[in-house]
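Next come the chains, spelled out residue by residue.
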Amino acid sequence: MWDAFRQGDEEAFTAIFSAEYDALYGYGMKLLGDAELVRDSIQEVFQKLWERRAALEPVEIIKPYLFKVLRRQISDVIKSMNRRAARQQAYHEDEFAVVYSHEDFLIAEQFSSEQNSRLLTILNQLPTRQREVIYLKYFDGFSYEKISEIMNLTAQSVRNLVYRAIQTLKELLLTFLVLVLQASHR
Amino acid sequence: MASDYTRFQTEDFVLDDSFRAYVAGSDAAAVQFWQGWLAAHPAQRTAAEQARQLVLVLAQARQPAAPAQHKAEDLQRLQRAIRKPAVAPMLRTQGRRRSRLVASLLLFLLALGTGYGLWTKRTLLQPQTEYTATAGQPRTVQLPDGSVVVLNGGSRLTTATAWDSDAPREVWLEGEAYFQVSHLASAANVAFAQATGNAKFVVHVGELNVSVLGTKFNVINRPGVLNKVTLNAGKVLVEHPRLLGHDEQLMKPGDLVEYAPAEHNLVTRVVKPAYYSAWVKGSVQFDHTPLTEIIQLLRDTYGLRVTVDDPAMLRQTITGSLPNANADVLLSALAKSLGVRSERSGQQVRFRTLR
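These protein sequence lines are chains A and B, in that order. For the first sequence, the numbering used here assigns the number 191 to the initial residue and increments by one for each residue that follows. For the second sequence, the numbering used here assigns the number 60 to the initial residue and increments by one for each residue that follows.
Hints in this document: simulated from the structure, not taken from any laboratory. All of these numbers come straight from a predicted model, not from anything done at the bench. Where a beta carbon is used, it is the ideal one built from N, C-alpha and C, also for glycine. Just to be clear, a hint being listed does not mean it is correct.
Claimed, not checked - Listed below are the simulated EDC-like cross-link pairs for lysine to aspartate or glutamate, each with C-alpha atoms no more than 16 Å apart in a straight line:
1) A:Lys253 / A:Glu361
2) B:Lys130 / A:Glu234
3) A:Lys253 / A:Glu241
4) B:Lys130 / A:Asp199
5) B:Lys311 / A:Asp212
Stated by the list, open to error - Listing some non-contacts, in silico: residues in chain B with all C-beta distances to chain A over 12 Å:
6) Arg66
7) Thr69
8) Pro126
9) Glu132
10) Arg142
11) Gly212
12) Gln239
13) Lys294
14) Arg400
15) Arg409
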């Protein structure tokens, strides 16, 4: 598919767009939170890819590559917005404030909405990088290696970030889960 | 399965692929292995049970699909863009003098064109639709192209009843409105000067023409308040036609562009656009916002001049959501949260300390 696109196959290109749009949109919304800017960013990424198709490298797995390019595009958008708004708070290179919401989790039967709220609170209090890693791992199912490519980190630091996030979840969530489960067993 | 599971802690189980397959029941071999292993290692059962619960919680993660309409529109936009010869990205003309000259000539022609359009529309009596919002009652209007306009109370919007697909979309505004304009241009980054057909959307307001391709912005033109535009997202070109040529400002999100009639020119400032469009929701959300910034907002949006008794008040910040249905509602909420008394006479407001 990727090779067909590089040779100028329009159908292959739009098929890639259609196949990956939802995932890119979801990730973009997590990074940026503004639907119009996310749509413009995705558009920009694909139009640039089309223009430069002849010069592109072969890519084995398309999705993480697109995530990486979109992440860079959005980082540029945020940087230029911050420069203009002359925000007081410094923008940390490549850190995005991912925010989780109720739509992000299916409310399975065994979990109450209270537990879900609790989970969201805990997730949203994690450090920004941990939040993003959790998104890529559990929402998009990327491996550590793919996440390290997307976020420009080593696989080991991705692993450490996930580990620390799970550690926090364990400490804050499990006491709560046990209480609720006991209550529901009665 | 080379790992030494006896040393595993909860976190390690959560991150182990084979353990996750066991919890999900997706791999019969993993299920069999773990059932056997856990039976043989009772010491690890608590950690494994905790891990099982965490895996279940995380398995609830789901990716919401993008709105189907966005997907379809964006695919069309992409298809149109790649079937055309590449267009020069918008800001690139800046570095090259010649193309810049050409661009400004084109813009000048466009300005003349919109002036002409205004003239023809007003004199040839094309069927028009007029939307008005009664005082104190904002009203939401959907235009023929799908764009949405929220008209603030006491405002009026006029437009042609039927829209032509090969002419810019045009509306005339008196008062204040918040626009969410549908994007009809094929390329993401097409320049205003190159926008053809109905790609461009023009708001004629007071002395200004506000051109956009698809974006969110707020426009104010009220008696006693300078004509101004604030941009929430996207790109906007504000033009002020003059006898010879015109002024123009290309806006970025966060910009406020204001027309100062005394100096006959356009002035740009950086603001928080959400404050300016907050009337749409009926309340404005402040977050450690200095009072000085709110005083500027009151002046920008309602033409109010606020003075304070005690300069120390100016150093206070406001956090929280205040109702802003109109100037008086906002003033009284503000006074309450500051613990002061507000006295208004005409456009002059004084915050007095309570004693």
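Evaluated hints:
1. A:Lys253 / A:Glu361: Not OK: A:Lys253 and A:Glu361 at ~33 Å, beyond 16 Å, violated.
2. B:Lys130 / A:Glu234: Distance of about 14 Å is within 16 Å: holds.
3. A:Lys253 / A:Glu241: Outside the cut-off at roughly 19 Å; violated.
4. B:Lys130 / A:Asp199: violated (20 Å)
5. B:Lys311 / A:Asp212: Between B:Lys311 and A:Asp212 the Cα gap is close to 27 Å, so the pair fails against 16 Å, i.e. violated.
6. Arg66: With a cut-off of 12 Å, B:Arg66 remains clear of chain A, as the shortest Cβ separation is near 15 Å.
7. Thr69: violated (5 Å)
8. Pro126: violated (8 Å)
9. Glu132: violated (8 Å)
10. Arg142: violated (8 Å)
11. Gly212: Holds, because the least Cβ-Cβ distance between B:Gly212 and chain A comes to about 26 Å, which exceeds 12 Å.
12. Gln239: violated (9 Å)
13. Lys294: Its Cβ does come within 12 Å of chain A, the nearest being 9 Å, so this is violated.
14. Arg400: holds (31 Å)
15. Arg409: holds (30 Å)
Against the hints set out earlier in the document, violations occur for numbers 1, 3, 4, 5, 7, 8, 9, 10, 12 and 13.
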